[in-house]
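Note that the protein sequences, when read in sequence, are chains V and R. Residue numbers for the first sequence follow my numbering, so the first one is 1 and each next one is one higher. Residue numbers for the second sequence follow my numbering, so the first one is 1 and each next one is one higher.
Among the hints, a few may not be true.
Computed list of chain V residues with no C-beta within reach of chain R, every gap over 10 Å [what the hints assert, rightly or not]:
| hint | residue |
| --- | --- |
| 1 | G12 |
| 2 | K19 |
| 3 | K92 |
| 4 | L213 |
| 5 | G239 |
| 6 | K290 |
| 7 | R321 |
| 8 | V370 |
| 9 | E379 |
Derived lysine-lysine pairs resembling DSS-like cross-links, with alpha carbons at most 30 Å apart [unchecked claim]:
| hint | chain 1 | residue 1 | chain 2 | residue 2 |
| --- | --- | --- | --- | --- |
| 10 | V | K286 | R | K91 |
| 11 | R | K109 | R | K27 |
| 12 | V | K286 | R | K78 |
Derived from the structure by calculation, the hints contain no laboratory data. Heads up, the beta-carbon is just placed ideally off N, CA and C, and yes, glycines get one too.
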Amino acid sequence: MRKPDIFKVPIGPQHPALKEPESFSVSLSGEKILGVDIRIGYNHRGIEKACEERTYVQDVYLIERICGICSHTHATCFVQAVEEIAGLEVPKRGLYLRTLIAELERIHSHLLWLGVAGHEIGFDTLLMYTWRDREIVMDVLADLTGGRVNYGMNTIGGVRHNITPEQAQKVLTAMDKLEEQTKYYIELALGEATLAARLSGVGVLSHEDCVKLGAVGPTARASNVDRDTRRDDPYAAYGDVSFSVITDDHNDVFGRTVVRVKELMESYSIIRQLLKNLPEGPIAVKAPRKIPIGEAVSRYEAPRGEDVHYVKANGTEKPERVKVRAPTLANVQAVKKMLENRYLADLPIIIAAIDPCFSCTDRMINIREVASKNSRIMEWETLRQKGIEHYRKQGIDFSKVKITQSF
Amino acid sequence: MQPGKILNVVLRSLFKKPVTSRYPAEKLDMGDKYRGKLKFYQELCIGCKLCMRDCPSNAITIKKIGEKQFSAELDLGKCIYCGQCVDTCPKKALEATNNVELAQLDYSKERVVL
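So here's chain V without its partners, still in its complex pose (with noise of 0.2 Å):
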């Protein structure tokens, strides 16, 4: 029996805190947090049944699509497990040039993230400032690849577009630049006492929880988990440049305040030594159109944390399967933990702080009998029908809708 104290507050799906549809239900009594069901699922595209249907090729555009943040970690991850069940060996300025955008799209990423943590504690300032100088960081992205959010880099084999040292030159002046401005947000993080008095205690994680739950990226990192696949496993080009892994004992929001902003100084000096020792030769090798038949596991250190994919070839020209753990859903577990006890206040800001990204992470939906209690997956045929059904009943009608297969 419930308490007569305690009620429910849905949060979500749609939210004005939240830019993505998620649901929170959350225990309150008074204005503390009890409990947190977090419910995920409101976005499911469908990508990974949709990637078996496409070739390879146009998996590549189709999986960047993924997430708009981190397109390229998504993309990177996805070709480098072809490549490896393809045994292609890329050339080193491809994997140069692949690292490049991985560490442009880092600094984007956590500039945008500092923004949004900013906004989501009455900052708005640092919101406005933030974004400002992520600007210099997407015009050299687009510059670079023809892109500002899917940049098309990567391809199966290498990458697309080359760079001339005017470009390089442009992207050492934009770091300058912006190594400046995190200077200053370094100094703020740590020296404005709004911004500690704010954050400190808020959300915390210790060290064992974050373990326990298997929580990933700058979110572990701040509760001193010493894990970055860049170093442990070092994938592109990681193994041939130095950088020291960012951590922090706070267990809390204002520790991955810390961990974000710290990481934004590896990044430019990672960027600077890539560009410094930029290889000559190929950008790319000619990747068969049919893959033979194999898998393989790829990791990659997304600015959310661990991305992995999962690959499986049947020796055609598309994928037998393919699998997304986007960093997300590693984080969302942690949430729920980060949540007890606390104010609803803080709700905003501590789901922020893993920086979510709840499309990346929606999985298939599993059907459950009402009745026997049984779940049961269903064929792709039988799920279209029951679309068709479902909006029968509405007025409309889909059924003379041909499902065009020119793949």
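The hints should help you fit chain R onto chain V, whose structure is shown.
Frame of chain V; chain R shown alone:
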């Protein structure tokens, strides 16, 4: 850090030009690499239709219109401007221009013959 140190930046910003540009009065510099509307060189096309096969969104259609003559049709609404067709084309019959002002109110105008 003293409280209110951020005030320095606020005061400096008062005398700065706005970061945003006055579009559409001021056109943005798109750069050469920016991928916009495609350009089709009819005389180079051999009709292999590899671009159709690689297009992630089925936006491009190559049709035979005569003896060794092909036309290209592009759906501007479907195209995701990734430029894969340009990379795929073995004869370099396709080229990405930096024309990005393609917004249309009329859907029927989205299908264009290149």
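Hint check results:
1. No Cβ of chain R approaches the Cβ of V/G12 within 10 Å, the least distance being about 29 Å, so the stated non-interface status holds.
2. Non-interface call for V/K19 relative to chain R: holds, since the shortest CB-CB distance, roughly 22 Å, exceeds 10 Å.
3. No beta-carbon of chain R comes within 10 Å of the beta-carbon of V/K92; the shortest separation is about 21 Å.
4. Look at V/L213: its CB is around 34 Å from the nearest CB on chain R, clear of 10 Å, so calling it non-interface holds up.
5. At roughly 28 Å from the closest C-beta of chain R, the C-beta of V/G239 stays outside 10 Å, upholding its exclusion from the interface.
6. Residue-level check passed: V/K290 sits 13 Å from the nearest beta carbon of chain R, beyond 10 Å.
7. Every CB of chain R is more than 10 Å from the CB of V/R321 (nearest about 19 Å), matching its label as outside the interface.
8. At roughly 39 Å from the closest C-beta of chain R, the C-beta of V/V370 stays outside 10 Å, upholding its exclusion from the interface.
9. The claim that V/E379 lies off the interface holds: its Cβ sits roughly 24 Å from the closest Cβ of chain R, which is beyond the 10 Å cut-off.
10. Restraint check for V/K286 and R/K91: satisfied, since their Cα atoms lie roughly 16 Å apart, inside the 30 Å limit.
11. Among the hinted pairs, R/K109 with R/K27 is consistent with the structure: their alpha-carbon atoms are about 23 Å apart, no more than 30 Å.
12. For the hint pairing V/K286 with R/K78, the CA-to-CA distance comes to about 27 Å; that is within 30 Å, so the pair holds.
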